[in-house]
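Fit chains B, C and D to the known structure of chain A by using the hints.
Residue-level listing of the chains:
4 protein chains.
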Amino acid sequence: MIIVMGPGVREEEIQLVVDKLKKAGLGVHLSVGQFRTIVGAIGEEKAVREMSLEALPFVEKVLPVTQPFKLVSREFKDDNSVFQLTNCVLGGEEVILMAGPCAVESEEQLLETALSVRAAGAQVLRGGAFKPRTSPYSFQGLEEEGLKLLARVRDKTGLPVVTEVMDQHTVGLVAEYADIVQIGARNMQNFYLLRELGRLDKPILLKRGLSATVEEWLMAAEYIMSGGNHRVILCERGIRTFETYTRNTLDLSSVPVVKHLSHLPVIVDPSHGTGNWRWVPAMSRAAVAAGADGVMVEVHPRPQEALCDGAQSLTPENFAGLAEELRKIAVAGGRFLRRVG
Amino acid sequence: MIIVMGPGVREEEIQLVVDKLKKAGLGVHLSVGQFRTIVGAIGEEKAVREMSLEALPFVEKVLPVTQPFKLVSREFKDDNSVFQLTNCVLGGEEVILMAGPCAVESEEQLLETALSVRAAGAQVLRGGAFKPRTSPYSFQGLEEEGLKLLARVRDKTGLPVVTEVMDQHTVGLVAEYADIVQIGARNMQNFYLLRELGRLDKPILLKRGLSATVEEWLMAAEYIMSGGNHRVILCERGIRTFETYTRNTLDLSSVPVVKHLSHLPVIVDPSHGTGNWRWVPAMSRAAVAAGADGVMVEVHPRPQEALCDGAQSLTPENFAGLAEELRKIAVAGGRFLRRVG
Amino acid sequence: MIIVMGPGVREEEIQLVVDKLKKAGLGVHLSVGQFRTIVGAIGEEKAVREMSLEALPFVEKVLPVTQPFKLVSREFKDDNSVFQLTNCVLGGEEVILMAGPCAVESEEQLLETALSVRAAGAQVLRGGAFKPRTSPYSFQGLEEEGLKLLARVRDKTGLPVVTEVMDQHTVGLVAEYADIVQIGARNMQNFYLLRELGRLDKPILLKRGLSATVEEWLMAAEYIMSGGNHRVILCERGIRTFETYTRNTLDLSSVPVVKHLSHLPVIVDPSHGTGNWRWVPAMSRAAVAAGADGVMVEVHPRPQEALCDGAQSLTPENFAGLAEELRKIAVAGGRFLRRVG
Amino acid sequence: MIIVMGPGVREEEIQLVVDKLKKAGLGVHLSVGQFRTIVGAIGEEKAVREMSLEALPFVEKVLPVTQPFKLVSREFKDDNSVFQLTNCVLGGEEVILMAGPCAVESEEQLLETALSVRAAGAQVLRGGAFKPRTSPYSFQGLEEEGLKLLARVRDKTGLPVVTEVMDQHTVGLVAEYADIVQIGARNMQNFYLLRELGRLDKPILLKRGLSATVEEWLMAAEYIMSGGNHRVILCERGIRTFETYTRNTLDLSSVPVVKHLSHLPVIVDPSHGTGNWRWVPAMSRAAVAAGADGVMVEVHPRPQEALCDGAQSLTPENFAGLAEELRKIAVAGGRFLRRVG
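Chains as they are written, first to last, in our numbering: chain A, 1 to 341; chain B, 1 to 341; chain C, 1 to 341; chain D, 1 to 341.
Calculated from the structure, these hints are not laboratory results. Small disclaimer: the values here were computed from a predicted structure and weren't measured. Every clue listed holds true.
Calculated from the model, a selection of chain A residues having no Cβ within reach of chain C, i.e. all distances over 10 Å: (1) G8; (2) D19; (3) K70; (4) S81; (5) Q84; (6) L85; (7) T86; (8) N87; (9) E94; (10) D155; (11) T157; (12) K202; (13) N229; (14) P316.
Covered stretches of chain D, as calculated for chain B (at least 3 residues, CB under 8 Å): (15) 204-217; (16) 283-291.
Cβ atoms here follow ideal geometry from the backbone N, Cα and C, with glycine treated the same way.
Next comes chain A alone, as it looks inside the complex:
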């Protein structure tokens, strides 16, 4: 940590800061410049972070030197983390397509979708059983019944299933049915839920919060990993900006940034990222070209009848066309997207 003292700081004020740092077991490095005096703290930054030195009127600012995350960092683990799913490997050379409806509505709807996305090349089936909805009057998902339908369709299609858990309470229930447990954007900093998932033996798909910085997102992953579960898949899904033509602004630059900072795999959700089926194909292609390890897309057999987010859902036909495009982009980027048998 670097502590920048205010202009006109006095000797005894500097000493006070130095003493505090030394008392916390930190080394101290003093540098008196032309305009500012700087105190460098040598050792674990955590100790300084918890000192509230900015509360002192003669301290101007405190600048962190290292990242606050450890287990998620490439400094902790240099090579990419790779997770084995039932039928494929995430984080390796293969680009993984995850697809399915926003919400599970019925067995017919889910099975029809699953068969079509599998035929197009998807390796994972997505579908919401518990739905976080802005309005208490909107459809909230089929809940446990939805989980059962997901499991049934998995059995019929062989596609592993990713579905969202919204609450610490239902982690056990969801984990019973899901192959990958998803944390939604609104729960990215639901720390109790994160801790609970840290004890789970399932991969976690962690969506970036609506206005989360990359650092906060990685710190959320750190919560899960510090609990013992190292299988975290990061999912970029757009952040909130002033632009209104898109529901969110898909921040694809987070893909190379996260790849640089962390060893964890990153996928992209262009459906929530744009909120409009018209922009999903272009942004899916861009995600793969940016180096994402996978893309998660909403598909519904009849989007205009969807109980949730139909406006951002592709038809099965559009999805099949998109998968074909992504296959080429993946190869152009030195990776591959499996063709179906």
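For chains B, C and D alone, kept in the frame of chain A given last:
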């Protein structure tokens, strides 16, 4: 709802939309303009919201006409909601000061703070027992022990206590000790928690989410109210922007906006709203002048030793000075802030 | 336009709005719903936009139905606009690389860069002679001397030149030397400058403003086109958000959105969009995959000695590698990027 | 400046950075920590800012220690800058009201407004002759004719006049008529215009840009001051966020922040800051309570007939009521707002 059809829409496409609306029991109003055809849906907007009409390629956009909230709306209840606390009334003519440390650290720290803020005019004691922290390695609060200390200090000072609940699980526990139960910004859309609090017989202090629109904030209140608990206190605490001199951007315009749209009381938290004790007095004054029903301020006897958020905590002396200033602003605005006996 | 009247609106208030619309020559369509009365105005929206109906206390909101832009719209011109440059065509099947230093520093630096980027496949040379700098104490560019160097290097390499104009005054001067005249993000709403460029017979590269919506960006293009110059190239360069790992947030979704709304070509500037050379390759690939008609990249022979924005400049070697990658992505997307020699 | 070297940095890489700094005449301070090596540069930060050290792959980040502004800083000038206008002093104990129409439309409109706002206590008349409009098809102002009307009404009422200049070209013309020359938000980083105004002998009212940080805003003031004109009045007018109930988010925390960093006076424009007459009174009161040196409000005799921004204009009656409220708030904050007559 207004459905704007795309350019070059065909007769049968318009008919398809009209039929869908009629099937849902809605009245239909067609208007063919020079550039666009517009379909007006008459009746409950909820029905249209769930139709995903934007999924149709020939539908350009769907514009809501009414607000999605009901119980929180002034159209539902015209006069201001007023809540009786142990020692004061919130939402009436009196402006309420809530003050205390970010985190409960010890009985001494809490009692010292409580006595000093009570002497300055605070009516409610705030203090965190469960602390949402970005890092899993930071101090997470004294948890149940903290709740007990809050209750003990309440008994000694007569100040009702507001404290945060972070999880559906601990609602019962927190409610046992707290007079007002707080939902933090990161949990504003933790819908399971909102539902649980809708069943509680305690006032809820609902903080605005880090990047929540006013509409989403009111919808979160709607969740609580639709569960039966109508005592919701809204708390503006700043939103996330690109500015870095302040931790958040305190959006004081939300005060008159919410007062216009809703009958619920609104308070302001300038401590989290700015993140720096230097800006807290000015923004507290501004909050009262803007018409807030109360101000919640972090106070710590020795901010530079605080285990959490010391940089934004006032000393008891600064708080006493601020309370005096707020007293004058309140009177200038036709309200009052109680003087202590 | 749709005028939504407030709750409890009276007969004579509705009549007042209707009369105003009729007086302005508009058709009127009245729809009395369960919760709101709606007045539809039929005809040119411009007339309603200028009426300030929201100033009336009984008007709740005014919703536009059509887009405010005309000449830039696909409704005005359905097929893609394609512009012939000296050596290539922009907006067609070919993806165009524009590359060069942030600022022109010397003939040697510029020529060395130009030769290297041409060898890698760039078709257009970029370089700043007039530099908009946040600080008055920073290097402000070589100005006219820089323009002359650009022209000299163009003559030696055959690469057409794009360079920024910052001021109405210097439009003539810049246009004398430049093949494409660039408007920087900070000048996107410098309306006098836009008008001046509307009278110019050169293609204009219009960068998106730092916090401009897509609609405002297109309206800035409309300013230029309404002056008579229809050769506008749009350039996405990132918008301002709360994220700090990147200098801006590159909004690649604006590419498909603009392609949908407008016939104008769109290119992407990942150098300013990210502010860090590390993220430029991934975002360049993503831009091409998203459908951009070109990519503009900063290249400097020795970035760590650059007088401006060295942190976001690629070395010639890195650029050559990137061009090779982009060539594959372009082909995968059904387009091409010319090979040199 | 603090240069943080990347993990695993080598001896010769550190030496390269040290050599560069020494060559630029800077002192160097080396600190080898547990996780990172840090190089402190002692001397003028400007030299380091222009070095593009982040372009080196082994440099992780470069952290500034001092502010980039000089003349605007409180370190340069400790006491508040106070500017004498014709009839009042800005920046002192008095809070100044500036009021008038968005656009000058006619002599009658302007005079009627001027007389009413003067009667209510306004000291300065605002009115736009050159109007920056998002659409080329909107009313663009009466231009020189508008300036003449402003001067005529000033002569009749004694109120000094503030009006916007949009272009370097017209600075002389505007300055001939205006008492205070305004730079609009869209021109805050029009550096040629800023330089031109640096040579003017008139106070400049500098609006904060739509998405400008406080630092950028102060750097824009630095441009003007570095040209020789030290009379800069800063004007907060809201920044762009995701919230849609207000046109912008008025960032009142910028008032205490700027007061802390700079000696320049700060006023607030709640009309553009909110975009809705309903929220103007509350935000005007809040501005005064936050410590603003003045408030600038749009007033129109008949807002619903305004040619520009009627939705955010107060009627003369509403303005008179507001002035009365502000008078009380000013006194409560230890300042005053002059009573008329």
